[in-house]
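Asker: Please model the complete structure; the sequences and the hints are all you need to start from.
For the sequence shown, the UniProt record's numbering begins at 1 and goes up steadily by one.
Treat the hints as calculated values from the structure; they're not laboratory data.
Treat the numbers as computed from the prediction; the structure is a model and nothing was measured.
Hints may be right or wrong, so weigh each one.
Said to hold, decoys possible - Estimated spans, in silico, between C-beta atoms of each pair:
(1) Tyr45 x Gln73: 35 to 45 Å
(2) Ala57 x Asn36: 23 to 33 Å
(3) Glu42 x Leu16: 23 to 33 Å
(4) Lys31 x Lys56: 35 to 45 Å
We treat Cβ as the ideally placed atom computed from N, Cα and C, and that holds for glycine.
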Amino acid sequence: LYLPHTQSQLLSLFRLLSASQHSFPKERKQKMERLNSKLFVENIYIMSENERLRKKAELLKQENQQLLFQLKQKLSKTKKNPNGSNNDNNLCSSSSASGQS
1 LYLPHTQSQL
11 LSLFRLLSAS
21 QHSFPKERKQ
31 KMERLNSKLF
41 VENIYIMSEN
51 ERLRKKAELL
61 KQENQQLLFQ
71 LKQKLSKTKK
81 NPNGSNNDNN
91 LCSSSSASGQ
101 S
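Answerer: See below:
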């Protein structure tokens, strides 16, 4: 995809597109309009999917932070109690299944 870098390049591209629009046959113009509409709809879908995935990633990040906090708490308890009397062998016993989808 070519993107103009300067205002003069942009103006040249605009003139080229404007001149070529008049020379397009009617069918070609209609085909381009249909393609533009299709791409517009696809773009909306991609943006909504991106937003959905962003929200899911945020929830996973929060769950990960919570699990890391729990792990650090349990490890610090283990260090404070080195005689091995800690009966909880499951490091992720509480909310690990709550955020699954």
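Asker: Honestly, which of those hints from before does the structure not fit?
Answerer: none
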